[in-house]
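With these hints in hand, go ahead and build the complete structure from the sequences.
Top to bottom, those sequences are chains C and U. For the first sequence, the numbering used here assigns the number 711 to the initial residue and increments by one for each residue that follows. For the second sequence, the numbering used here assigns the number 649 to the initial residue and increments by one for each residue that follows.
Please note that a few of the clues may not be correct.
[As the list claims (entries may be wrong)] Heads up, simulated SDA-like pairs for lysine to any residue below, C-alpha to C-alpha not over 25 Å straight-line:
#1 C:Lys746 x C:Glu777
#2 U:Lys692 x C:Thr816
#3 C:Lys746 x U:Glu666
#4 C:Lys746 x U:Gly746
#5 U:Lys692 x C:Thr787
#6 C:Lys766 x U:Tyr753
[Unchecked claim] Cβ-Cβ distance ranges computed for the label pairs, FRET-style:
#7 C:His722 x U:Gln729: 40 to 48 Å
#8 U:Arg657 x C:Thr787: 29 to 37 Å
#9 C:Val765 x U:Arg662: 50 to 58 Å
Derived from the structure by calculation, the hints contain no laboratory data. All residues carry an ideal CB built from backbone N, CA and C; glycine is no exception.
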Amino acid sequence: GQQVMQIPQYQHVQEGEDFTTYCNSSTTLSNIQWYKQRPGGHPVFLIQLVKSGEVKKQKRLTFQFGEAKKNSSLHITATQTTDVGTYFCAGRGQAGTALIFGKGTTLSVSS
Amino acid sequence: NAGVMQNPRHLVRRRGQEARLRCSPMKGHSHVYWYRQLPEEGLKFMVYLQKENIIDESGMPKERFSAEFPKEGPSILRIQQVVRGDSAAYFCASSPQGTSGGSSYEQYFGPGTRLTVT
Numbered sequence: 711g712q713q714v715m716q717i718p719q720y721q722h723v724q725e726g727e728d729f730t731t732y733c734n735s736s737t738t739l740s741n742i743q744w745y746k747q748r749p750g751g752h753p754v755f756l757i758q759l760v761k762s763g764e765v766k767k768q769k770r771l772t773f774q775f776g777e778a779k780k781n782s783s784l785h786i787t788a789t790q791t792t793d794v795g796t797y798f799c800a801g802r803g804q805a806g807t808a809l810i811f812g813k814g815t816t817l818s819v820s821s
Numbered sequence: 649n650a651g652v653m654q655n656p657r658h659l660v661r662r663r664g665q666e667a668r669l670r671c672s673p674m675k676g677h678s679h680v681y682w683y684r685q686l687p688e689e690g691l692k693f694m695v696y697l698q699k700e701n702i703i704d705e706s707g708m709p710k711e712r713f714s715a716e717f718p719k720e721g722p723s724i725l726r727i728q729q730v731v732r733g734d735s736a737a738y739f740c741a742s743s744p745q746g747t748s749g750g751s752s753y754e755q756y757f758g759p760g761t762r763l764t765v766t
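Okay, structure coming up:
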């Protein structure tokens, strides 16, 4: 079945450093969504990418969708302590109805 | 506008008992999704329901698990004869619609129910 893989599983950075998490799917995706989950909290929607090669920005966050629609990345510039949490990508296959989540990348930031 | 509500927030069951988890979607949302999350794991899709219909249950274990979303009232995830391996956080999410062309609607998650089986 469809699988979505994320790397790295954990990332620790100093405040002000950049951070990137990568997401790869075993099959071509119809779209990909990104969510953030704070420790002890629930996932919160960040963004959706639909088009091949699409790039979207939200302040210090940049999201990319690969040309083949099989991979995606989230880049955070100049991390802050408020960026702490686990970032999940979730993809929907061409024929599927379900969102398949990656295992997430847990970001910790020290000041 | 209240968000997605789940209750109970914490549930403790002994092995062999039944667990019932409830989810009230956001107002105006008719699509509900259930996920299971184990510690340091991602969210594993279980089932997708629309009012009175199961749309996709490809992630549901074949035995002991069932879900419903009646015309009136919350969606219910039911686990019969619970075992220790069922201990996890169960999240419900809702969306106003499912998909539209190549795009999916964002999902709004509830706070989750933490199930502990002793």
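Hints and how they fare:
1. Restraint check: the Cα-Cα separation between C:Lys746 and C:Glu777 comes to about 24 Å, which is no more than 25 Å; the hinted pair holds.
2. The straight-line distance between the Cα atoms of U:Lys692 and C:Thr816 is roughly 17 Å, inside the 25 Å bound, and the hint therefore holds.
3. Under the criterion of a C-alpha separation no larger than 25 Å, the hint pairing C:Lys746 with U:Glu666 is inconsistent with the structure, at around 31 Å.
4. Proposed proximity of C:Lys746 and U:Gly746 is supported: the alpha carbons are some 21 Å apart, at most 25 Å.
5. Taken as a hint, the U:Lys692 and C:Thr787 pair is broken in the structure, with Cα atoms around 29 Å apart against an allowance of 25 Å.
6. A C-alpha spacing of about 17 Å is found between C:Lys766 and U:Tyr753, which places the hinted pair at or below 25 Å, so the restraint holds.
7. Checked against the given bound of 40 to 48 Å, the beta carbons of C:His722 and U:Gln729, roughly 42 Å apart, stay inside it.
8. With their beta carbons about 36 Å apart, U:Arg657 and C:Thr787 fall inside the hinted range of 29 to 37 Å.
9. Take C:Val765 and U:Arg662: their Cβ atoms lie about 51 Å apart, and the range 50 to 58 Å holds.
Hint violations for this structure: numbers 3 and 5, all remaining hints satisfied.
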